[in-house]
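Student: The residues making up each chain are set out below.
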Amino acid sequence: MGGAWFDYTVNGFVIGNIYALLAVGLALIYGVANLVNFAHGSVYVVGAYVGWAAITYLDTPLPVTLLCVVAVSALVGVGIERIGLRPLHGSSRIAPLLATIGIALVLDQVVQLVFTPDPRAVPMQVPEWRVAVGGGTIGALDLLIAGIGLTSAVVLYGFLRFTKLGWAVRATAQDSDAAQQMGVDVNRVNMAVFAIASALSGVSGVLVGMYYNQISTAMSFEATLKGIVALIIGGLGNVPGAIAGSLILGLTESYGIALFGTSYRNLFAFVLLIAMLVWRPNGLFAARRALPPEPMTGTFIARSRPVVVPRWAVAALVVAAALLPLLGQPYLLQIGANSLMYAMLALSLTLVAGTVGQVSLGHAALLAIGGYASGLLAMDAGWPVALSIPAAGLVTAALGTLLVFPAFRLTGHYVSIATLGIGEIVSLVILNWTGLTRGAIGLGGIPPLEVFGFDLGSVEGTYWLCLAVLVLLALLQLRLLRSHLGRTWRAIRDDPVAARSYGVSGDRYKALAFGFGGFAAGISGAITAHVYSYINHETFGASISILALTMVILGGLGNVAGAVLGATLLIALPEAFRFLAEYRILIYGIVLLLLIRFRPQGLMGTV
Amino acid sequence: MAPVLEVRGLRKRFGGVTAVEDAALDLREGELLSIIGPNGAGKTTLFNLVSGLDRPDTGSVRLFGQDVTGAAPERLAGLGLARTFQHGRVFGNLSVLDNVLVGAHARLRAVRPAVPVLGPLLELALAAIRPGGVRAEEAALREDAIRIISLFGERLTPRLDHPAFSLSYANRRRVEIGRALALHPRLLLLDEPTAGMNETETAEMQEVVAGLKRSGLTILLIEHKLEMVMRLSDRVIVMDNGRRIAEGLPQAVRHDPAVIEAYLGHREAGAAREPVP
Ligand SMILES: Nc1ncnc2c1ncn2[C@@H]1O[C@H](COP(=O)(O)OP(=O)(O)O)[C@@H](O)[C@H]1O
Ligand SMILES: [Mg+2]
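Residue numbers (my numbering), protein chains in the order written: chain A, 1031 to 1637; chain B, 5 to 281.
Keep in mind that the hints were calculated from the coordinates and are not lab data. Idealized CB from N, CA, C, for every residue including glycine. Among the clues, some could well be false.
[To be verified] These stretches of chain A come out as covered by chain B in the derived footprint (C-beta under 8 Å, 3 or more residues):
1) 1331-1344
2) 1510-1520
3) 1527-1537
Please put together the full structure from these sequences, using the hints given.
Tutor: In structure tokens, the structure reads:
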């Protein structure tokens, strides 16, 4: 028993070291650039694959493998800085964060295209011996990982403390304007920091590959998340804090697995994340609990004058859409229905992220809640589908608002991180709450769409229902936006402090937005569940959240017509170019990057 | 009758810096009290403490006879306190009219029924259904907002639909004051309303503030332009390094040796006092 605990401790410590290599880089980048780099895990995957390729094709010994990984990863880091950060200087606050998401999509896809999505085994380059210590064992790889972690920390400390560039990095982290005035080349500092951070991330990737003896492109997202969790525990931008946070996270996870089993590992990590954000958003080691100040006033979304679509044109488009089934093209209708379901999600997200400025990265969780609610009501409680779908909308509105409520006091990047974590928690709860959700098996045999005896399971039926629901939701949303709620929501987005001073309670109006948005997304998820007839905890994953965000940015944040247009374009266009199917996500990523860079207000303009 | 505002022993420190030390003031109904002092004297911090954006370390604030020390700004707005911000905090993507209408938020009654728990849901439903009462209220507020905007002559009226980010700096300040007036405040806090304005614009603003004073509004004013302070104020408080160094009638304060000393000692700060927007 004692031996097992020793092993869990060693394991937690090793994982903590791997997280530390990730989190230190995130902390450095946050320090100099005020940016949470969502592409960090993608570099980690690049590092893992470069290591794998070097060993497999070139037969490199360990030091050369590591050197290759460091070199390529650092180069990728420099690229991220050049694409995701430097050109976006002076654009809206959320732009660089979104750009790193776009870069992550692109990097992951490129790696997948080059190496195929199949997992690979990284050959072990360390002797396989283990020594017995205190009832457990320690292997050579454990020591190597600990050694690399420690060496990196020492070298980094020396660099920051004793070199001129290190001094410049620290000066920039403290006050980048002041540093610039003192002659520090902030661009060079950023580039160096991205290079160092990415090199560490890449090394972390290859070590993890050796530790688990397996790598895949799917590791990227989780690595980013874990790095961010460790970063938040230690406090954004706090380098020693990031190391401590990583070790705490590694040990928590390891003991969590020991107590409850592997499927709880990530649940622990994300619950820890949310707890930190709620109680100590500045990290364990900060003295104050208040959030650090962020730049203020009107810089949240790109300024623009939205395109005004005349009413008759909208009406004509709706009529044309309603007549589409007459063409008798079932395949087209299927794409149409799919676009419409995504449009409901985009509607919800454009309200929350665009109108109220809470950039949610976990919006797909609302689909999951809606899908499960309606599916379970119909299957287990025997409700007719016509009732279970609206009920699912209400359940999602209530549950979604309740779940995000702890994040209401957060602003900017913190909101995105919190919603990302909450989204993951929802999916993990679905996975683990077997009694209610059937766990990993998923929900099969969900009854088809049907309204008061009318079977809508046909392609036309589904399409018409989706169109009707979407038009209703969109009209309702427009009506709310034209009431006092519209200006109140947008006031909170533009300047929460001034809004409060005029009696606008942030909590109340954010809750109303998440409530209405949750209703729309819940309905979308519910309809999807009945159309698919099978869903599981992965059906509505993080990639759908990112896709929805891309739609919303493409259409113009806060713009109702834009959300529908964005959804239609991003679902329908890839179908039109089916031969490009492999490149779909890559295209989404590139679209996102181009938009942020060249048309941040989207096609229809921000509202 | 209780004074409009009663501040006692207020102190606020930021790390090692004492921004406000032992602040005290009384403001009677209809009075215009100015607070002057070099940059960094703690004037804005005092405003933040009074308007609920910051909590004092010690001391008390009473508004219309109620203790509101550390109360949330939302609540203070409900009591009739409105403020403007030194560096300007308009809602950039909202139109001029919408900016001013947000100022009237605390006056919404029909669409914000004071029902516990269910209040927010009712508000959502009323916003969607818009019964006659809600429509009438919105129309009345709109009319009132347009009237307030017309206080600035032709400066803003032709620009009702323009997003605030497209306005000149001076116009953004006017929008802020319009937004504050839309609350129908019983106490108005103005933080350097003429900062960054040229002479004509300053004179216009002075007329507007004088008009507000004539209408009986109680005003607390932070202002660097001494001429305006001398013309408008009933009383003046001078602050330096977080402390009150003088208080009295405008003419008396002007010739107070401590005041002259404070201003001379901060000549450099005074030269750079106009913040760049
Ligand atoms: N949020 C804050 N954090 C730290 N120091 C602050 C903060 N706000 C104000 N200060 C400091 O408090 C002092 C008073 O500032 P302020 O009230 O803005 O002066 P004034 O408005 O008279 O120019 C200054 O030294 C300023 O640097
Ligand atoms: Mg000030």
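Student: The structure should be examined with respect to each hint, and the outcome stated for every one.
Tutor: Cross-check of the supplied hints:
1. Counting residues of the stretch 1331-1344 of chain A whose beta-carbon sits less than 8 Å from any beta-carbon of chain B gives 3, enough to reach three: the coverage restraint holds.
2. For the stretch 1510-1520 of chain A, the stated coverage by chain B is satisfied: 7 residues place a CB nearer than 8 Å to a CB of that chain, which reaches the threshold of 3.
3. Beta-carbon proximity to chain B at under 8 Å applies to 9 residues in the stretch 1527-1537 of chain A; the threshold of 3 is reached and the given coverage holds.
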